[in-house]
Amino acid sequence: MELQQVRYFLAVCDERNFTRAAKRCGISQPSLSNAIRRLEQQLGGRLFHRSRVNCSLSELGQQVRPHLARIIQCTRDAERQAAHFLDGSPTSSTASIMASMGSSIRDEERWKQDEKAAGSADGRIDVGLPVWPANPAALSPRRRTGREW
1 MELQQVRYFL AVCDERNFTR AAKRCGISQP SLSNAIRRLE QQLGGRLFHR
51 SRVNCSLSEL GQQVRPHLAR IIQCTRDAER QAAHFLDGSP TSSTASIMAS
101 MGSSIRDEER WKQDEKAAGS ADGRIDVGLP VWPANPAALS PRRRTGREW
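Under UniProt numbering, residue 149 is the last one in the sequence shown; the count climbs by one each step, no gaps.
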């Protein structure tokens, strides 16, 4: 089973029409039909009841649709997590940790913008929350290579 087949299946589910689903996916209708046919062979049965005007999910299609939708959602989640990890953006777990820190985060008044940037750069502070407008030249996201915990 290929992810592209799963995406095509879900597009047909949404559009209820192979031609519209193919257009939405940016492929020809015969290519989409062939991909769906291969998916049906792999799953062992028809996924759609087809007519000239539209199509509807077969019983097998209804049974596998939530699982195939979950595959695509998990793929998106993995891609998003990888992007956050690679570019240093906060993940949901990072945001959760920061939210739970509450009063242990230093008061905004105690650190000026430039001090936050310098403290972050030299390791005196782990997180600096800027108040906008900040000096963009002084701020840049960095991922520390070593873990202290």
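No lab work stands behind these hints, which were simulated from the structure alone. A portion of the hints provided could be inaccurate.
[Said to hold, decoys possible] Simulated restraints on C-beta separations: (1) Leu86 <-> Arg20: 50 to 60 Å; (2) Ala118 <-> Ser28: 49 to 59 Å; (3) Ser31 <-> Asn54: 29 to 39 Å; (4) Ser28 <-> Pro66: 25 to 35 Å; (5) Arg37 <-> Arg76: 48 to 58 Å; (6) Gln62 <-> Arg38: 43 to 53 Å; (7) Ser51 <-> His84: 20 to 30 Å; (8) Ala82 <-> Asn54: 16 to 26 Å.
Glycine included, C-beta positions come from ideal geometry on N, C-alpha and C.
Each hint tested on the structure:
| no. | hint | verdict |
| --- | --- | --- |
| 1 | Leu86 <-> Arg20: 50 to 60 Å | violated (36 Å) |
| 2 | Ala118 <-> Ser28: 49 to 59 Å | holds (57 Å) |
| 3 | Ser31 <-> Asn54: 29 to 39 Å | violated (19 Å) |
| 4 | Ser28 <-> Pro66: 25 to 35 Å | holds (28 Å) |
| 5 | Arg37 <-> Arg76: 48 to 58 Å | violated (26 Å) |
| 6 | Gln62 <-> Arg38: 43 to 53 Å | violated (20 Å) |
| 7 | Ser51 <-> His84: 20 to 30 Å | violated (44 Å) |
| 8 | Ala82 <-> Asn54: 16 to 26 Å | violated (38 Å) |
Checked against the numbered hints given earlier, the structure breaks hints 1, 3, 5, 6, 7 and 8 and satisfies all the rest.
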